[in-house]
Amino acid sequence: MPNFNITDIRAQFPILSREVNGKPLAYLDNAASAQKPVAVMDAMRRQMETSFANVHRGLHTMANETTESFEAARAKAANFLGAASADNIVFTKGATEALNLTAYGLAPHIEAGDEIIISQMEHHSNIVPWHFLRERQGAVIRFAPVTELGELDLDAFKSMLSAKTKVVSLVHMSNVLGTINPIAQIAPWVKAAGAWFIVDGTQYAVHRPVNVTALGVDAYCMTGHKLYGPTGIGALFGTDEILQAMQPFNGGGEMIEDVFEDRVTYNDPPHKFEAGTPPILQAIGLGAAIDWIRQFDFDDVHQHEMALYHAALDGLRDVNGFRLYGEAKDKGAVLSFGLEGAHPHDIAQILDKYGIAVRAGQHCTQPLMTRLGVHSTARASFGIYNTMDDVDRLVEGVKRAALFLS
Amino acid sequence: MTYPAHIQDLIDDFSFMEDWEDRYMHVIDMGKDLSPLAANEHNDITRVKGCVSQVWLVKDNNNAEPSRLFYRGDSDAHIVKGLVAIVIHIFSGQKADDIINTNIQAIMNDLGLAEHLSAQRSNGLKAMISRIQDDARATLS
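For the protein sequence lines, the chains are A and B, in the order given. Counted from 1, the first sequence has number 310 at position 311 by numbering that gives the first Met the number 0; the numbering is strictly sequential. Counted from 1, the second sequence has number 87 at position 88 by numbering that gives the first Met the number 0; the numbering is strictly sequential.
It is possible that part of the hints are untrue.
What the hints assert, rightly or not - Each computed DSSO-like pair below joins lysine-lysine, with the alpha-carbon atoms no more than 30 Å apart: (1) A/LYS398 - B/LYS31; (2) B/LYS48 - B/LYS58; (3) A/LYS190 - A/LYS163; (4) A/LYS352 - A/LYS398; (5) A/LYS157 - A/LYS352; (6) B/LYS125 - A/LYS352; (7) A/LYS190 - A/LYS352; (8) A/LYS328 - A/LYS398; (9) B/LYS94 - B/LYS125; (10) A/LYS352 - B/LYS48; (11) A/LYS398 - A/LYS22; (12) A/LYS22 - B/LYS125; (13) A/LYS352 - B/LYS31; (14) B/LYS94 - A/LYS92; (15) B/LYS94 - B/LYS31; (16) B/LYS31 - B/LYS58; (17) B/LYS58 - B/LYS125; (18) B/LYS48 - B/LYS31.
Keep in mind the hints are simulated off the structure, nothing from the lab.
Please construct the entire structure, taking both the sequences and the accompanying hints into account.
Okay, here's the thing in structure tokens:
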């Protein structure tokens with residue numbers, strides 16, 4: 000049983016009391032985006048109601064106050080990820096932008112024939128930015144294989160590393176399989192090969208504690224909206240070395256030191272990467288979300304979510320033709336499945352009629368779908384506010400959908 | 000609103016259904032009645048994008064009726080396949096002018112299936128209709 004009061008937690012999410020199609024909402028699409036607690040909404044509203052101005056360049060009181068709130072959010076993100084300094088945190092609009100910025104930023108260091116190693120379980124946001132480097136600069140992308148259980152094939156991965164490897168970019172926790180990759184174990188191998196190590200922490204940072212220093216990575220990407228925070232805000236952690244090495248993508252105000260007619264010098268990281276007015280309120284919302292989630296023990300939350308996952312799995316295994324995707328030893332509470340003879344799309348549409356929100360599709364992971372030999376899967380993903388009642392309704396709903404579609 | 004007979008017949012069929020389960024069942028049954036596509040007709044040209052499941056629409060030429068557009072289609076999801084069947088029922092065999100001027104929103108409202116037409120629905124219904132109406136416009140230009 001959770002060491003936190005689930006009723007109290009749910010009471011902080013007004014949306015959870017709404018109905019969908021005449022049924023109470025069972026929201027099991029947390030891997031796509033999570034709902035927001037009142038604390039996050041209040042923090043953003045309070046800023047707008049009491050002190051708002053543009054950040055950094057003002058001389059008046061509210062400009063200073065807003066800048067303080069904004070920079071406090073950066074410090075919270077740094078602390079949350081175990082970064083040495085807030086200067087190692089670049090705000091982005093999400094993990095996708097963090098990955099794109101990193102790939103673009105490293106482009107000057109990539110030559111034709113240089114190898115970028117990713118895995119078959121990557122989200123498109125950790126595939127396509129590297130394809131850009133393949134298309135534009137002749138980089139070679141290599142996909143580390145995924146085993147039948149849905150784990151990264153570590154031996155195969157290790158054998159792919161060589162002097163040609165310039166970048167390794169891996170997901171920390173798969174959005175489809177739930178698989179948690181052993182990043183700390185991998186990091187020394189990548190370092191020994193002399194490559195940059197980028198990690199996509201979009202899912203992992205929501206459910207497990209992150210310490211980028213202990214992990215030994217060069218860059219780590221996270222997003223706010225899956226962490227019970229607002230959309231439009233994410234963060235890129237980068238070491239001093241990688242942030243110095245990266246070229247900026249957006250040019251404009253705030254990211255420069257001096258601008259002349261014939262040349263420009265850049266501001267120091269993180270500001271070098273934050274041209275223009277940043278998402279001030281969203282960053283403050285992210286800071287509030289981090290404060291909110293940190294009042295709980297990550298192990299308690301994990302235990303709670305995995306108990307829901309296992310209960311759902313136990314129930315669904317009895318359904319005719321059920322197939323689970325992702326059986327890694329170390330995994331988070333993501334349940335991807337299929338039913339023989341029933342399209343995941345149909346399953347999701349019928350579950351919606353019972354007020355149960357799940358995702359169906361390719362989950363932005365087409366190479367993984369190819370690896371699994373399926374066109375799509377249905378996915379239930381659990382969050383802190385889900386309950387055994389949600390699980391029972393999911394199981395019941397899938398059983399009904401199976402009957403309906405048989 | 001007055002509809003052509005083949006559309007009114009469809010609406011009449013649905014008018015007896017009270018809840019979503021009956022409507023979905025009927026939609027699925029309509030999909031099951033579609034004549035199957037040949038294996039090579041499931042290809043990148045016939046595939047309709049913008050859908051979580053896969054949808055294919057095949058445009059047939061009928062030399063005896065050059066002013067009309069004819070379609071067959073398929074999907075790998077049951078409900079979507081039923082929507083394909085509805086779209087084909089409404090549009091296939093119609094003249095380009097009539098296809099362009101069909102008030103599909105009103106029809107889906109009257110079928111009790113309007114939710115499937117929302118832009119946020121990733122079932123590709125909108126994309127199927129756009130495909131056919133674009134074809135119709137192309138024949139007129």
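Status of each hint after checking the structure:
{"no.": "1", "hint": "A/LYS398 - B/LYS31", "result": "holds (22 Å)"}
{"no.": "2", "hint": "B/LYS48 - B/LYS58", "result": "holds (16 Å)"}
{"no.": "3", "hint": "A/LYS190 - A/LYS163", "result": "holds (13 Å)"}
{"no.": "4", "hint": "A/LYS352 - A/LYS398", "result": "holds (14 Å)"}
{"no.": "5", "hint": "A/LYS157 - A/LYS352", "result": "violated (46 Å)"}
{"no.": "6", "hint": "B/LYS125 - A/LYS352", "result": "holds (21 Å)"}
{"no.": "7", "hint": "A/LYS190 - A/LYS352", "result": "violated (50 Å)"}
{"no.": "8", "hint": "A/LYS328 - A/LYS398", "result": "holds (27 Å)"}
{"no.": "9", "hint": "B/LYS94 - B/LYS125", "result": "holds (20 Å)"}
{"no.": "10", "hint": "A/LYS352 - B/LYS48", "result": "holds (25 Å)"}
{"no.": "11", "hint": "A/LYS398 - A/LYS22", "result": "holds (17 Å)"}
{"no.": "12", "hint": "A/LYS22 - B/LYS125", "result": "holds (27 Å)"}
{"no.": "13", "hint": "A/LYS352 - B/LYS31", "result": "holds (22 Å)"}
{"no.": "14", "hint": "B/LYS94 - A/LYS92", "result": "violated (48 Å)"}
{"no.": "15", "hint": "B/LYS94 - B/LYS31", "result": "holds (26 Å)"}
{"no.": "16", "hint": "B/LYS31 - B/LYS58", "result": "holds (19 Å)"}
{"no.": "17", "hint": "B/LYS58 - B/LYS125", "result": "holds (17 Å)"}
{"no.": "18", "hint": "B/LYS48 - B/LYS31", "result": "holds (22 Å)"}
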